[in-house]
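Since chain A is already given, all that's left is putting chain B on it; use the hints.
Residue numbers (the numbering used here), protein chains in the order written: chain A, 1 to 256; chain B, 1 to 406.
By construction, these hints were calculated from the structure, which means they are not laboratory data. Honestly, I wouldn't trust all of these hints.
Think about it this way: if two alpha-carbon atoms lie no more than 27 Å apart in a straight line, the pair counts; the simulated DSSO-like pairs of lysine-lysine are [claimed, not checked]:
id	chain 1	residue 1	chain 2	residue 2
1	A	Lys-252	B	Lys-67
2	B	Lys-82	A	Lys-252
3	A	Lys-252	B	Lys-14
Far from chain A, by Cβ distances over 10 Å, these chain B residues were calculated [to be verified]:
id	residue
4	Tyr-65
5	Gly-131
6	Arg-178
7	Ile-215
8	Glu-231
9	Glu-244
10	Gln-248
11	Val-300
All C-beta atoms, glycine included, are put in the ideal place defined by N, C-alpha and C.
Read off the chains here:
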Amino acid sequence: MTAAQVIRSEWTKIRSVASTVWTLGLAAVVTIALGALISLLFKNQWSDLSEKDRLSFDPTYTSFAGMSLGQLAMIVFGVLVVSNEYSTGMIRTSLAAVPQRGTFLACKLAVAAGLAFAVGIVTSFAAFFLGQAMLGGHSTSIGDPGVLRAVLGGALYMTLIALFSMGVAAMLRSPMLSLGILMPFFFLISNILGAVSATKKIARYLPDQAGSKIMQVVTPVDNDTPYGPWGGLAIMVGWVVVALLGGYVLLKQRDA
Amino acid sequence: MIEAVGLTKRYGDKTAVYNLSFQVRPGSVTGFLGPNGSGKSTTMRMILGLDQPTSGRVTIGGFPYRKLPNAPRQVGALLDAKAVHGGRHARNHLLCLAQLSGIPARRVDEVLGVVGLQDVARKRSKGFSLGMGQRLGIAAALLGDPQVLLFDEPVNGLDPEGILWVRNLMKALAAEGRTVFVSSHLMSEMALTADHLIVIGRGQLLSDMSVRDFISTNSADFARVRTPDTEPQQREKLTASLTEAGGQVLPEQDGALRVMGLPLHRISDLAHSADVRLWELSPHQASLEEAYMRMTQGAVDYRSTVDQRAGLQQPLPPGAQPPVQMPVPGQGQPGWYAPPPPQQGGQPPFAAPGQPGPPAGPYGAPGGPGGAPAGDHANPYAQPAAPQQAPAAPAAPALTKPEDAR
Chain A
1 MTAAQVIRSE
11 WTKIRSVAST
21 VWTLGLAAVV
31 TIALGALISL
41 LFKNQWSDLS
51 EKDRLSFDPT
61 YTSFAGMSLG
71 QLAMIVFGVL
81 VVSNEYSTGM
91 IRTSLAAVPQ
101 RGTFLACKLA
111 VAAGLAFAVG
121 IVTSFAAFFL
131 GQAMLGGHST
141 SIGDPGVLRA
151 VLGGALYMTL
161 IALFSMGVAA
171 MLRSPMLSLG
181 ILMPFFFLIS
191 NILGAVSATK
201 KIARYLPDQA
211 GSKIMQVVTP
221 VDNDTPYGPW
231 GGLAIMVGWV
241 VVALLGGYVL
251 LKQRDA
Chain B
1 MIEAVGLTKR
11 YGDKTAVYNL
21 SFQVRPGSVT
31 GFLGPNGSGK
41 STTMRMILGL
51 DQPTSGRVTI
61 GGFPYRKLPN
71 APRQVGALLD
81 AKAVHGGRHA
91 RNHLLCLAQL
101 SGIPARRVDE
111 VLGVVGLQDV
121 ARKRSKGFSL
131 GMGQRLGIAA
141 ALLGDPQVLL
151 FDEPVNGLDP
161 EGILWVRNLM
171 KALAAEGRTV
181 FVSSHLMSEM
191 ALTADHLIVI
201 GRGQLLSDMS
211 VRDFISTNSA
221 DFARVRTPDT
231 EPQQREKLTA
241 SLTEAGGQVL
251 PEQDGALRVM
261 GLPLHRISDL
271 AHSADVRLWE
281 LSPHQASLEE
291 AYMRMTQGAV
301 DYRSTVDQRA
311 GLQQPLPPGA
321 QPPVQMPVPG
331 QGQPGWYAPP
341 PPQQGGQPPF
351 AAPGQPGPPA
361 GPYGAPGGPG
371 GAPAGDHANP
381 YAQPAAPQQA
391 PAAPAAPALT
401 KPEDAR
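If we strip away everything but chain A, and leave its shape as in the complex, we get (with noise of 0.2 Å):
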C-alpha cells in the first residue's frame, strides 16, 4: 500500500462528490465578492471615515474582508471530507482497504488541503485585484512591501481553517455536531470574544483573529498585539496541528 495509491483514491473520492464543488465554490464566490462590495463601501464613504481610521486605513487587508463569511464555507468543505466516511458508513470500508490509518488519514488531508490551497490562491489573487480595482485612488499594488505576503498568506489562511476543520471533524466524527461547534465558533463567538475588552487579550489567540494578521499589511495606530503576521501563522498552525493530532490520536485508537 504505497501512499501515491491512497492519494489517488482519495482524489477520486473528493473530486466525485458534488458537495466539494458547491463548498469550495461558495467559499471562493462569497470571499471575493464581499470583499470587492466592502471595498467599494470605503471609496465611496472615504469622506465620512475619522483621522485615525484613515491613518490605519489597510488596502489589502480591506479586499480580503470577504473572508470572515468565505471561511464558513471553507469549514463546510473540511467537516464533510472527513465527517462523510462517517455519516455513510464508507469508513469501514476504507479502513478495511487501508489497514494504515496514519496513511488513509494523512493522504485524506494532503489531498483536501492541497485542493483547499488551490483554491485559496485563485481566491485570494481575485480578490486582492478586484478588491484594489474598487477601492480606486485608495489602492495599493502588489509590489508594495508585504502586500504579495499578504495575499499568499490569504491562500495559507484558508487552507489551515479547512485543516483544522478536518481535524475537529475527525476526532467528533459527526457532521452535525462538527458543524455545530465549528460554525458558531467562528462565526459569532470569536468575534464577540474579540470586540469585548475583557476578553480581547485572551480572544486574538484564538486560531481564526491570530491566523489573520497574516493578511494585514498596515498596523493599526494603536496596535499592541504581542505577534506580527508570521508569529499569527505560527500560532494558527500550533491550533492545527493540536487538532490533527487529537483527530489522529482518536482514529488510531478508536474502533471503526
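Then chain B, alone, in the frame of chain A:
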C-alpha cells in the same frame, strides 16, 4: 484461512463476543449464524481489524489484518450495503477502492458486469435499492480477486433471482479454493449455501461443525400419529402400548401424538394389536430451521411481545361479542413446539464441549416441549415460523446472471 482464538470484545460492561475460537478453512463456504445482536458483525469487524478485540486474536493466513501485506488484494469484504456515499456514482465508488490497491480501472467495469450493475454504473448510489446496494457491496468485495471473502448478510434485500445468484457465486468462489465466510440469520439459506456452520448466540460459540453433521446431530425424525378424536381412551391405549415397545411419545397440541424411536410399520403393527384405529400415521423430519431455533432459543436477545393495543381499540357496542383472536395462519401452535434434541437427557446442545465460561445459566433452558419461548401470553407474532419446507434445490448456475468468468 481465518483463525480466531479466544476472541473477546466488550463495549463498556456489555460483552458482545466472548471467548470465541474457530477456524474458517479455504475451499468451502462457511456459514456464520446467530440471532440479531449475537455478535456476528462485531466478529466480522474484528476479523477486518476495524475493531480491536478486548482479548484474544484473529488472524488471516497467520497475520492480524492490520499487518497483512496488501490487504485488499487478499481479503474482500461486504459489511454494510448502505455504506456508500449516496452522491457518488457506483463506478467512482468502486474506482476509489480499486485505486487503493493499484487495481486497474478495467477491473471496475468487470466486477460491475459480474454483479449486473453495468447499466447503472454512472447513477448515484443514493437511488439504489437495498438489493442494488448489496450487489455494489459484493462488487467491492470481488474487486481485488481476493482469496478470502467475508460477506455480512449478503442476501438481505435481494430478489429471489439475486439470492440464487449469490448462492451460486459463493459456491463457485469456494470451489476455486477460496475461503468464503458468510453471515446470516437465515438457517434455511445457509443450509443450501454453506458446507460448514459456525453458530453463535450472545457472543458465544454454540456449534462449529459441517452442515452434514449439523443435520445428523440436530434433526430428529419422528412419526405423527392421530387416533380418532372421538375416542380419547384409544389414544391412551396406544400411548401405553408404544411406550412399552420402547418409543417416546409426546402429545401435540392438536391431539396428535409425536412418536420417536419406532419405525412406521412397527407403530402400525402395535396399533393393530392394541386394536386402535389410526387416522394419521405420517413420517416427519425436523428441519434445520427447527434445530437452529432450538439451539439459539436461549440466546435470543430481541423477542417481540404481544401487541396489547391498549387504548387503541374501539369500545365494543353493547351486546357485541369480542372477536376471537385468530392465530396467524401457519403459526397455529400456541407456544412454539420444538422437537426435543435427539439425545434425550444429554447435554444441552448449546453447551459446546470444553466450553469455558459461565455454566449453562442464561442458555440453560434446554429445548423440548416445555422450553417454548412464549410464556403465559402466547404471542402469535413472536413464534418462529413453522418448520418450512426446504426450498427446491438450487438450479444450475448460469441461468440469466453472468457468472464471474474466472
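Least C-beta distance from Ile-215 (chain B) to chain A larger than 10 Å
34 Å, holds
Non-interface claim for Arg-178 (chain B), where every Cβ of chain A lies beyond 10 Å:
17 Å, holds
Beyond 10 Å on every Cβ pair: is that true for Tyr-65 (chain B) relative to chain A?
It is violated; Tyr-65 (chain B) is separated from chain A by about 6 Å at its closest Cβ, not greater than 10 Å.
Within 27 Å, alpha carbon to alpha carbon, are Lys-252 (chain A) and Lys-67 (chain B)?
The given pair, whose Cα atoms are some 14 Å apart, holds under the 27 Å limit.
What's the verdict on Lys-252 (chain A) and Lys-14 (chain B), does the C-alpha distance respect the 27 Å limit or exceed it?
Holds - the C-alpha atoms of Lys-14 (chain B) and Lys-252 (chain A) are around 22 Å apart, at most 27 Å.
Classify the label on Glu-244 (chain B) as holds or violated, using whether its beta-carbon is more than 10 Å from each beta-carbon of chain A.
61 Å, holds
Are all C-beta atoms of chain A more than 10 Å from that of Gln-248 (chain B)?
Non-interface label stands for Gln-248 (chain B): nearest chain A Cβ at 49 Å, farther than 10 Å.
So if I understand the rule, the pair passes when the alpha-carbon distance is 27 Å or less; does Lys-82 (chain B) with Lys-252 (chain A) pass?
24 Å, holds
Distal placement of Val-300 (chain B) relative to chain A, Cβ over 10 Å
The claim holds: Val-300 (chain B) sits with its nearest Cβ about 25 Å from chain A, beyond 10 Å.
Does Gly-131 (chain B) clear chain A by more than 10 Å, comparing its Cβ with all Cβ atoms of that chain?
At about 18 Å from chain A, Gly-131 (chain B) clears the 10 Å cut-off, so the statement holds.
Far enough from chain A: is every CB of that chain over 10 Å from the CB of Glu-231 (chain B)?
At roughly 63 Å from the nearest Cβ of chain A, Glu-231 (chain B) sits farther out than 10 Å, so the non-interface label holds.
The structure does not agree with numbered hint 4 stated previously, though it agrees with all others.
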